[in-house]
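If you want the building blocks of each chain, they are given just below.
Protein chains: 4
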Amino acid sequence: MKNILSPADFRHKVEIRVRTWEVDWERVVHNSNFLRYMEIGRFEYKRNLESSLNACGSSPDGLKVFVVHNSVDYLAFAKFDDVLNIYTRIAWIKNSSFCFEHIIEQSATGNMIATGKGILVNVNPLTNLPEKLHEKFSESVIAYDKNVVLLSDKSKA
Amino acid sequence: MKNILSPADFRHKVEIRVRTWEVDWERVVHNSNFLRYMEIGRFEYKRNLESSLNACGSSPDGLKVFVVHNSVDYLAFAKFDDVLNIYTRIAWIKNSSFCFEHIIEQSATGNMIATGKGILVNVNPLTNLPEKLHEKFSESVIAYDKNVVLLSDKSKA
Amino acid sequence: MKNILSPADFRHKVEIRVRTWEVDWERVVHNSNFLRYMEIGRFEYKRNLESSLNACGSSPDGLKVFVVHNSVDYLAFAKFDDVLNIYTRIAWIKNSSFCFEHIIEQSATGNMIATGKGILVNVNPLTNLPEKLHEKFSESVIAYDKNVVLLSDKSKA
Amino acid sequence: MKNILSPADFRHKVEIRVRTWEVDWERVVHNSNFLRYMEIGRFEYKRNLESSLNACGSSPDGLKVFVVHNSVDYLAFAKFDDVLNIYTRIAWIKNSSFCFEHIIEQSATGNMIATGKGILVNVNPLTNLPEKLHEKFSESVIAYDKNVVLLSDKSKA
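Protein chains in written order, with this note's numbering: chain X, 96 to 252; chain B, 96 to 252; chain D, 96 to 252; chain V, 96 to 252.
Derived from the structure by calculation, the hints contain no laboratory data. It should be emphasised that the depicted structure is a prediction, and the values quoted were computed from it without experimental measurement. Treat the hints loosely; a few may be bogus.
[Said to hold, decoys possible] When the alpha-carbon atoms are kept at most 25 Å apart in a straight line, the in silico PhoX-like pairs for lysine-lysine are as follows: (1) Lys-159/B - Lys-227/V; (2) Lys-174/X - Lys-159/B; (3) Lys-159/D - Lys-174/X; (4) Lys-212/D - Lys-212/V.
Please construct the entire structure, taking both the sequences and the accompanying hints into account.
In structure tokens form, the structure reads like this:
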């Protein structure tokens with residue numbers, strides 16, 4: 096059975112408003128824009144994390160990451176001027192990679208519009224080769240989000 | 096083992112050129128734009144199909160389809176002014192849905208930049224509810240692309 | 096002498112944050128995106144106006160407008176993650192057309208990034224031909240923005 | 096009297112096809128995308144110029160330019176899947192700046208959709224300050240486009 100996500104599983108939320116140019120010839124948000132909404136969620140999630148890091152006295156994380164996978168399941172339409180809630184969490188962390196999960200819902204109705212996920216790989220800033228994630232990163236994610244799963248390298252994901 | 100796609104598996108190809116606004120703050124094509132490139136492939140694939148339909152004397156297909164899923168695996172960077180080959184095929188057809196598969200490669204080098212897929216559902220133009228695909232559609236796809244797989248409703252996909 | 100705009104001339108302001116895909120191959124906001132930022136200003140200006148209309152008991156304005164002209168003067172760069180202030184006002188109203196003016200400034204520094212304007216024409220919703228603006232529209236703009244200029248049809252603009 | 100442009104005044108033309116995501120909530124090309132179409136014209140104009148430069152044995156021009164002004168006059172709508180002709184020319188060259196002019200027309204009908212222009216300034220690659228344009232640039236533009244006007248610094252433009 097597929098794992099069904101619910102907003103209750105998420106601690107981080109940002110709101111965006113659908114703009115005229117994000118709506119396509121069928122008068123609904125173009126499918127590609129959901130990847131952009133999800134990225135807004137990721138940056139604000141990370142911003143939030145860093146500020147909590149700063150509150151603990153540690154420095155910004157200095158991550159350089161590549162997106163290696165993105166997927167979206169479209170459940171309903173979003174329309175011009177809709178306010179959308181973008182929920183973001185980190186579902187799992189492995190040695191050098193981690194996975195964002197998202198729900199996008201229509202704010203006015205609570206209708207789920209889409210779910211999605213993205214897998215990112217931490218790389219060495221100079222060589223661009225995969226590199227073990229800093230422990231500080233994992234620690235700050237775990238501190239923020241109790242449900243994150245730590246996967247060993249041998250696990251498949 | 097994962098199914099590895101190769102350009103040799105595809106009959107349909109379109110070329111696009113990367114534009115300045117498609118490149119992001121890291122000077123590579125933004126991840127969301129690959130869904131747009133894939134859609135160019137889908138429309139040109141369908142245009143190509145319809146013209147062969149017209150050659151057989153039949154009318155345009157009148158499909159109304161919804162995208163219900165998209166995914167992209169990012170393998171390498173594409174940069175400003177790169178010419179990219181977008182390969183498109185229909186991998187399978189079910190009762191009311193079908194699946195596009197894509198390879199995106201850098202034209203100059205033949206390097207594979209990304210692979211992706213999208214699942215679309217045929218709907219009734221008035222009710223927006225899933226509806227059996229016209230046989231003409233399946234026939235024209237099969238005539239164009241020998242490798243398309245016809246799935247029964249009971250198969251999982 | 097050219098008329099120099101200043102934020103002090105504006106009553107309406109919205110904030111936006113620059114996103115990764117809005118930055119181009121030169122790592123600055125792509126020139127086309129300023130038209131999008133200006134449009135955010137226009138919609139929020141109009142939303143603000145309508146709510147004040149509603150407070151007066153009148154109905155939404157039912158305007159159908161076409162953009163017939165846009166221009167931007169670029170003064171400085173905006174970069175990823177910058178918060179920008181979009182100032183919007185209606186500079187003049189004629190029989191069937193009116194003109195938005197904008198300043199875009201970097202919130203953190205107050206540096207002026209761009210100025211711009213757009214001319215819109217009110218049209219009949221059915222024929223799409225220019226049509227006299229409702230007096231309610233002019234009245235609500237004047238009530239909000241003391242400096243708007245009413246131009247007669249004979250004036251050139 | 097306003098100067099009316101005609102395709103006959105232009106030597107350079109590129110074709111683009113309107114894509115689904117370029118069409119907005121009103122089912123016409125979003126006003127911001129015309130700046131993108133014009134930029135496609137500019138890059139292809141410049142590419143064309145450089146190849147003629149190369150044919151003369153000279154090196155690429157090494158220009159670093161900033162866009163300081165853009166404007167568009169919208170005359171008619173462009174719709175999804177329209178093929179558009181983007182005409183581009185350099186109208187004038189001054190000491191450190193030059194001006195592109197454009198016509199955008201619907202290919203199938205020859206209807207004029209928009210006209211536009213952009214002013215660009217040549218800058219020193221290190222200091223980003225305005226710098227005299229290379230003579231090779233002016234020469235190659237004049238060789239390509241007989242009608243380009245050379246303006247002295249004192250002329251207003």
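Hint-by-hint comparison with the structure:
Straight-line distance between C-alpha atoms of Lys-159/B and Lys-227/V comes to about 56 Å, which puts the hinted pair past the 25 Å bound. Among the hinted pairs, Lys-174/X with Lys-159/B is consistent with the structure: their alpha-carbon atoms are about 18 Å apart, no more than 25 Å. Distance hint between Lys-159/D and Lys-174/X is fulfilled; the C-alpha atoms sit about 18 Å from each other, no more than 25 Å. Of the pairs offered as hints, the one joining Lys-212/D and Lys-212/V holds, with about 15 Å between alpha carbons and a cut-off of 25 Å not exceeded.
Going down the numbered hints, you'll see the structure goes against just number 1.
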